[in-house]
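Colleague: The primary structure of each chain is shown beneath.
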Amino acid sequence: MGELKSLLYMTFIQEDRYKIFLDGLGNTLLLTFISFILGTAVGILLCWAILSENTAVSKFFRRFRSFLMELPTMVLLMIFVYVVFGKSAMPVFWCVIAGLTLKAGAFLSDIFESGVNTVSPGEIEATRTLGMTRWQAFRYIVLPQTVSAALPMYQSQFVSTMQETSVVGYLAVVDMTRAASVVSSRTLDAVVGLVTVTVMYFIIGAIMKQIFSLIVKRFHRGGETA
Amino acid sequence: MGLKNRKAIRILKRTVASALAACALLCLAGCGTSGWRYTPVTDVNDLEGRRVAVLLSWEADYYLTGREDMEILRYDAVSDMLMAIKSGVVDLMAFDELGAKGVVAGAEGLELVEEPFGYTGYTLYFGGGEEALRDDFNAFLEEYKQTEAFTDHMERLRSFDGETYIPPEIELTGTGDILNVAIEGEGFPRTFMEGGAAIPTGFDVEALELFANSRNYQLVFYVSTYENMVYGLQSGLYDAAAGYLTDLNEEEAIASGLLTSEALDIVPLNFVQKNRETVNLRTAET
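Protein chains in written order, with the working numbering: chain C, 10 to 235; chain D, 85 to 370.
Among the hints, erroneous ones may be present.
Unchecked claim - With the C-beta cut set under 7 Å, the calculated list includes, among others, these residues of chain C facing chain D:
hint : residue
1    : Tyr91
2    : Lys96
3    : Val101
4    : Ile133
5    : Ala135
Hints listed in this document are in silico derivations from the structure and should not be mistaken for laboratory results. From the three backbone atoms N, C-alpha and C, an ideal C-beta is built for every residue, glycine too.
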């Protein structure tokens with residue numbers, strides 16, 4: 010018991026090491042939220058470009074997306090940090106966000122495209138027959154079905170983005186996983202640090218699951234009311 | 085929707101798509117590589133705003149942790165640090181003098197900042213129940229430091245060029261109890277494996293061999309990693325461990341149930357930066 014107490018003291022209190030965990034938590038949350046929100050915008054734009062009537066543009070962005078999706082996250086981040094933004098004054102943190110944003114954007118655009126493809130062309134033709142404009146058809150027919158189909162995968166992508174942030178430690182950005190490594194390297198004990206970050210990841214995941222569930226419920230309720 | 089609106093939307097769509105394509109291409113072509121702002125370090129006490137790469141849980145990491153004037157980036161491997169300094173992500177790398185000289189000798193375009201930013205002592209770790217062995221090793225160190233062998237050890241340490249380590253000839257003569265020692269296999273020049281014969285050697289190994297001879301121990305080496313050395317000592321698998329074990333984290337080692345010896349030798353800590361001549365050439369070009 011005394012040994013555990015001393016280990017907990019060394020892990021959290023000594024040299025204010027709890028601050029390393031808090032920094033890691035803050036960075037993980039920032040990396041996840043910023044790259045996911047920006048990734049959503051990139052995903053929408055990419056999806057739009059891929060569904061473009063211009064075949065050349067569509068083909069180019071489809072290849073660009075598959076390149077991003079197939080490239081391991083670590084390699085993509087290394088390219089961004091060491092090559093693309095290497096000699097710029099941009100902090101590594103923001104280079105990493107740029108890389109994660111593109112990675113999340115690629116997967117999200119795929120999710121959005123699958124969502125859009127769930128709407129049958131017949132339905133769109135029917136809206137035209139009913140005299141709806143393109144915007145009205147998109148707003149009332151395509152968008153609700155796309156969102157409904159994409160939301161579960163969108164939620165999973167959030168968790169994936171959060172998980173992918175755990176590789177940034179190799180680029181010397183202190184996220185939660187790296188925080189555990191840094192503290193473990195000081196205390197010479199891996200267990201307490203790992204248990205701490207496992208609990209933290211679980212809590213973030215659980216909170217986000219609840220938030221997404223509420224959004225899905227609200228969305229379906231809104232759909233029923235309409 | 086009117087024909088004009090549709091046309092406008094189509095043009096807008098094409099413009100956005102083309103802009104995206106251009107951004108993607110520019111981004112991948114390295115448009116962000118223009119801000120070359122590196123200036124070499126001349127004073128190790130004036131490092132305000134510098135980005136310094138260290139190896140996680142190595143001596144420079146322990147020594148610099150807490151410094152708020154600089155940004156410390158902790159890497160897992162020297163290769164990652166090299167990539168970071170060459171691409172401009174960090175301004176400096178921090179090592180002990182031996183490591184710094186090794187990096188400068190092995191990689192092009194780098195130089196040692198001569199003025200040390202600190203000092204560290206290298207120790208041996210012992211298992212929790214090995215007080216007698218630790219005390220005996222400390223007693224040996226006191227004797228050893230009075231000998232010519234130690235003077236020679238220190239001279240070779242100071243004149244180490246980063247590449248060449250020439251060990252003294254030590255014949256193992258111990259016939260008594262077995263001393264199980266874990267060493268860091270890639271800790272050149274303190275503990276490493278010599279060429280194809282895979283014989284443990286290095287500055288720390290020399291001291292251990294002389295200790296074993298003087299106390300009639302049979303020495304058995306186990307090549308390991310830092311983590312395994314610590315776990316092995318904690319579980320009683322090894323009696324002692326050596327290889328870049330710094331006295332800067334002595335407190336944590338003791339709190340983890342290990343024992344540490346007195347410092348075998350004191351080594352300066354140095355920064356490594358881009359070679360000033362190379363930097364000046366590049367600055368002039370730009």
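Colleague: When the structure is checked against the list of hints, which entries are broken? Sort them ascending.
Modeller: Of the numbered hints, 4 and 5 do not hold.
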